[in-house]
Amino acid sequence: MFIAATLAVAVTMALILIRGFMGPTLYDRVLAVNAFGTVTVLMLGLIGYLTERPDFLDIALLYALINFVGTIAILKFFRYRDLGHHRQEESK
Amino acid sequence: MIDLALDIASWIAFSLGGFFLIVGAIGMLRLPDFWSRLHGAGIIDTAGAELILLGMAFQSGLTLITVKLVLIGLFLFFTSPTGTHAVANAAYIAGLRPLGLVRDEPSDNEEGAS
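Chains as they are written, first to last, in my numbering: chain A, 1 to 92; chain B, 1001 to 1114.
Treat the hints with care, as some may be off.
As the list claims (entries may be wrong) - These stretches of chain B come out as covered by chain A in the derived footprint (C-beta under 8 Å, 3 or more residues):
#, stretch
1, 1023-1034
2, 1043-1055
3, 1068-1078
4, 1095-1103
Calculated from the structure, these hints are not laboratory results. For each residue, glycine too, the CB sits at the ideal point set by N, CA and C.
The shape of chain A in the complex, shown without the other chains (with noise of 0.2 Å):
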């Protein structure tokens, strides 16, 4: 049953892995990035129901958390070329 999960999870990400390397503009990069890492949220889930190591799930756990913030901080640096940037020094 895991295998056969693993398996579709496997599929999906070749399959957004080609998708990230073809995308023509940055934000199809980008959108397949983020997709592979919640894809990769169910892997690792799946591999620590696997090997029954619960521990994984914890993993699993962190690496949304980081996802999440590596898009937001790439679409940032992408629009300001820098991360520290502040609305009001635009303004000045």
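For chain A, the structure is supplied; the task is to place chain B on it using the hints.
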């Protein structure tokens, strides 16, 4: 008996979740432009992820593992729409427009915008 019922529930959740994951991935691969690929990413982030997590929760019963799975599900439930919206907003600001757009009202209102 209850184990069999839980196994069947897990199988159903895994099958549906895997179906949505693969359909979303095929959509991300084959749809023509960025705005339609957002739909594929949305399917992966919501239906696929939550159903696979649900299937795992059926297997572990009422334990601490299920609490962690519910936490992961909650985080994904809130963060992935936010992330998708951020990507779409950034792409819109950067000037990407959907295929076959007839009239671009927000850009019409700004003078000098393309």
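Are any of the numbered hints broken by this structure? If so, which, sorted upward?
4
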